[in-house]
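Chemist: Generate coordinates for the entire structure from the input sequences, incorporating the hints supplied.
Heads up: the sequence shown begins at 1 in our numbering, then just goes up one per residue.
Quick caveat, the hints were computed from the structure, so don't treat them as lab data. Built from N, CA and C at the ideal position, the CB exists for glycine as well. Any given hint could turn out to be false.
[Claimed, not checked] Derived Cβ-Cβ restraints for the label pairs, each shown as a range:
# : residue 1 : residue 2 : range
1 : D163      : A142      : 17 to 27 angstroms
2 : G317      : N358      : 25 to 35 angstroms
3 : R302      : V268      : 21 to 31 angstroms
4 : Q149      : A329      : 36 to 46 angstroms
5 : E85       : V256      : 50 to 60 angstroms
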Amino acid sequence: MKRTAVLAVSRTTLLRTAHDRTALFFMLLLPVGIIVVIGAVVGGFDQFRIAVVRPGDGAEAPIARSLATELDRSDGLKARTYGDESAARTALRRSETDAVVLLPPGLDTAVRAGRPVSVPVLVQESAAGGHAAVSSISAAVARHAAQVQAAHFAVAEAGGTFDQRLAQARTTEAHVAPIEVRSVSASGPSDILPLGYGYSTPTMLVLFVFINSLAGGAVIVQTRRSGVYERALAAPVTAGTLMLGETAAYLALALVQSALIVGIGALVFGVSWGNPLAAGLLIAVWALIGTGAGVLSGAVFRTPEQASAIGPAVGIGLGMLGGWMWPLALVPGWLRTAGHAVPHAWAVDSWTVLLSQNGGVTDILRNLIILSAFAAALLTLASFGLRRQLTGAAPGTRS
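Modeler: Right, here's the structure in full:
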């Protein structure tokens with residue numbers, strides 16, 4: 001019977017929230033919109049834009065075409081083909097591209113004859129991105145050159161035509177496991193989340209679940225002011241049942257927000273969330289923290305306007321202190337210590353372990369315990385606060 005009553009209260013709260021267009025916008029639609037915008041803006045920051053100027057050899061230059069394709073398919077490069085060098089240089093001056101790759105005329109003829117070929121790369125002297133792009137361009141050209149050298153070697157040793165041996169070299173390369181180069185920081189694992197959208201997505205999850213839960217406390221405040229709780233307590237419903245129902249509803253909303261952020265990040269922008277079990281536990285614990293903050297907001301604030309205005313401001317301030325906008329590994333020690341006074345820092349630290357250090361449950365177990373303690377404290381304060389509001393509004397009601 002009690003379980004049915006709790007579910008009924010949760011269902012009522014969720015339906016009430018769903019019919020509140022303002023609350024629904026700020027709790028669900030706004031975070032999704034911001035995530036999509038940020039993802040579209042920063043999605044290309046992990047790639048260098050290059051302009052590839054192809055020689056005017058037409059269909060008689062398959063090797064030049066394949067090199068242009070190799071550049072475009074390389075990780076870290078986003079290539080655009082230009083018809084002439086002048087247009088590519090103009091794009092470079094306007095910072096529309098980071099580097100210009102000039103495939104020389106007669107490239108195919110020189111390669112088939114075994115003569116050395118130089119591929120000029122143009123960059124702006126003051127642009128760091130262009131100089132960094134040269135490394136990725138060099139790697140792509142070297143991979144293509146290795147296929148050409150293998151083809152010449154095969155022709156010299158076993159005969160056949162160059163085109164046949166080049167096709168054989170490419171087929172062989174596609175079926176042979178490459179030698180991987182893995183970089184390891186000399187000072188140990190990275191203490192910073194992956195750059196670009198890989199940094200912003202987990203921190204946005206930490207931020208939005210918390211501040212939207214705080215703002216969502218306005219629904220509880222409105223319910224208190226409208227007398228709904230008093231009427232419910234006049235029926236055979238206890239204050240404890242109302243609290244459990246509200247808590248379950250806010251937990252469901254926090255989990256839905258988390259699922260949206262995780263789903264959009266993974267499916268639309270290819271964000272990796274690390275070890276599934278560890279990520280799931282971290283998301284669940286953070287949803288509990290958001291739930292406690294939201295119910296506490298509904299118990300503390302006197303008007304819905306206070307909850308909607310003050311709650312998000314407090315949430316953003318705590319998020320900044322806890323490393324939402326910048327890695328705590330880069331700030332002074334005293335500020336890092338202060339940041340860990342709020343749960344956000346422990347959550348960001350956990351995501352850093354999962355995404356930058358390939359950690360699992362055991363690696364973030366201590367952080368999960370600390371976050372669980374924060375969740376327990378917030379839920380306990382929220383319970384006492386809401387119970388006081390309920391029993392104070394309706395003296396003599398059962399608990």
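Chemist: All the hints need checking, so say for each whether the structure fits it.
Modeler: Verification of the supplied hints:
no., hint, in the structure
1, D163 / A142: 17 to 27 angstroms, "21 angstroms, holds"
2, G317 / N358: 25 to 35 angstroms, "32 angstroms, holds"
3, R302 / V268: 21 to 31 angstroms, "40 angstroms, violated"
4, Q149 / A329: 36 to 46 angstroms, "44 angstroms, holds"
5, E85 / V256: 50 to 60 angstroms, "53 angstroms, holds"
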